[in-house]
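Turn these sequences into a full structure, and let the hints steer you where they fit.
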Amino acid sequence: MPRILATFVAVAALVVGVTVPAESASAVTSASTGVVQARDVKTTLAGFNAGNLISDAVFTKKNSMTEAQIQSFFNSKVSKCQSGYVCLKDFRITSVTRPADAYCKGYTGAANETAARIIYRVAQSCNINPQVLIVMLQKEQALITHTWPSAWRYNIALGQGCPDTAPCDPDFIGFFHQIYGAARQMQIYMEGKWFQWYAPGNTWNVLYNPNAACGSGRVYIANKATAALYYYTPYQPNAAALKAGYGLGDNCSAYGNRNFYNYFTDWFGPTQGAPAAVLPTLASANTSNYVVTVDASGVAWGYPFGKKVWGNRVQMATGLGDVTSFFGAGDLNGDGHRDFISVQKNGTVSALYGNGTTKLSAPVALAGDWRGVTSVLPAGDFNGDGIPDLFTTDAAGTLHLRSGDNRGGFRAPTVVGTGWQSMSMLIGGVDMNRDGRSDLIARDSTGRLLLYPGNGRGGWGTRVQLGSGWSGMTSIFSPGDFTGNGTPDILAHTASGALLAYEGRGAASLTSAGSVGTGWNALKTKASAGAAVTAPRALPAGFGNVDRAGGNDIVALTSSGELRLYGGNNAGAWRSSSTLMKGWNPKDTVVSMGDFTGDGRADLGRIDAAGVLTLYPAKGSAFGTPVRIGHGWNAFAHVIGGVDFDGDRLPDVIAVDSSGNMLLYRGDGKGGFQGAATSIGKGWGAAATIINAGDFTGDGRTDLIARMDDGTLRLYPTNGKSGFGTSTQIGKGWGAMTELVGPGDFTGDRRADLLAIRTDGGLFLYTGNGKGGWASSGQIGRGWGGIVSVG
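Numbered according to mature numbering (1 follows the signal peptide of the UniProt record, and there is no 0), the sequence shown spans residues -24 to -1, 1 to 767.
One thing to keep in mind: the hints can contain errors.
[Said to hold, decoys possible] With a cut-off of at most 16 Å between alpha-carbon atoms, the simulated EDC-like pairs for lysine to aspartate or glutamate come out as follows: (1) LYS708 x ASP685; (2) LYS697 x ASP311; (3) LYS658 x ASP633; (4) LYS558 x ASP584.
I should point out that these hints are in silico values taken from the structure, not numbers from a laboratory. If you're wondering where the values come from, they're calculated on a predicted model, not measured in any experiment.
In structure tokens:
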């Protein structure tokens, strides 16, 4: 049965002394309970109404807090967890997929989710105020403020499915099951179909205590939310409990609904009407929403925002006094942190790298030729390779794309437009039309605001006019979704410094959202922090875009000794084919080495019949002069290149010998190896084929896929620390496939895919779902039977 009877005297004793929010100056930690307490005592429950504990509107206000705000709230309650324990602010668990029904919209399970993320997602799914779930966690198990919580507290975090008179229902054991189950149960209660004995609009006798001898009091239940809380905890506080504030009353006192009211009003404001606003915070430089600025003294600040509300600014860097531009550029080096670009008056372009805190590194001057550049701006992932790029312009009005090299820098510029000298302001790195591709916004000399949509392949769609009369704006930038409607917005100010918001409407249109600040003319630069970064970025599998024509390509050796390039179109099909080289031995092996030389492009490896490993560095639209980098490689049954196995973001090579031993050859990022090979596994002799699948699971790390001798297909995720995660079977009946290749993202959906050649020469595409499984499959070619090696 669902959880009906809940917090009373026994649980109240667990949280005695927990009073005002822990940021109180008098906050301490109890050695006996592990709960952050405060010396203040709540002496009044002014406003408490047993028949109207919380309004329906507040109870179901699902957007009262963002995920980042929830996490920041948890961080503020416990500054440090006791050694050997995991507090709620740091707690993570794998959630479970739940189907949609009449009460919730369902939930797609995911690995390693934080408590804040689970609460936010469940609140959205089940239309429950996340503040309600937070308060319930405190009143049930004191998890918000506990500094040494045991596992059992998380397993029965809300008491859902745990009646007072019987053991807990095993279907509800576990943190995720508790949160989702309780939120869904609240909707069932409010529906009023199955639970009617506290139906709103009627007067009911509500007990003071599980001991019926303590008596009851008549309560007029005013609304559905109050009824739901009584179904969940069917006791009201007696006079002694109300008088005690957070403390103990008498032997007939029960505290669940009293403490719900106390925590909610102390932490979030009134239970009637709109809850008190929770200011946005810059809790995470990687995921929080904020604008970055540089003031006149050269200090970089982050201004957090949410739903047109500003939070307190946070200092992020200093010493930027001569910058003319400063903006978030995304995760440039793939380490899982947001990075930033500064441009100085003398033309020096530098990167300030994130490290997981709100403080940035000192500026690091970027390599490359930046002479003649008149403006630098973010481009997002303009060419669709998953790596952030930059736009630059010159005095002649030429617009260049500088593609990110996945190492924290940028490749040589390529022309993507001309005639841009007429544009007086540019905004890049924003997906204004919400098609999943990075766009560019420009103001022309007549004051028109124009959208140049990117096509996701380094080119442009059809220009759209967003508005006119923008000549009076001295600064225009996009903060991302400022108003909270799910689409990017525009902020702009005039010479007076009044900051105006213009809400994006998703169809490349804007509407005024009013004034949202003053004094912004005093700041030297204003820009977006860029796209949120949630995990490291795995090194891409395959050869990437060899011919620079857009889309990932593959390199294949034919039975006639011809090395061919097959150009992908970034949409799951082919664009072109061409001959790269001739005169290879059909017994040679093609190996994708990844960016083995460190120039930002994937290189080609060749193992010949004599066992010589030769490196062909990427150059232009093909491969350059070969360099011998090893011998004796014909002794290996499998060679897999481009794998960052040790987590240093340099491509390594993995080899399996004839005895099934797996060896790691660590790349040095300069076209060679770091020392001798090391053993990393045994028992790989049963694998007929092993490939680098790229980030097939979506966790930011490289994965291997192996076709076993019995025709099963197995996934071997790496852990980024020179080891493997848990292997899983992801297919069977693959014995008919002669060749497998991981091309990276072949369809343009940012997920790793797989190509396979069947014995009859048919070529098949298996699209990954980004979670370690498949989205779809289909044949995309014939006549591939002559391919003897593919990478």
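Now the hints, each set against the structure:
| no. | hint | result |
| --- | --- | --- |
| 1 | LYS708 x ASP685 | holds, 11 Å |
| 2 | LYS697 x ASP311 | holds, 13 Å |
| 3 | LYS658 x ASP633 | holds, 10 Å |
| 4 | LYS558 x ASP584 | holds, 14 Å |
In the structure shown, no violation is registered for any of the earlier numbered hints.
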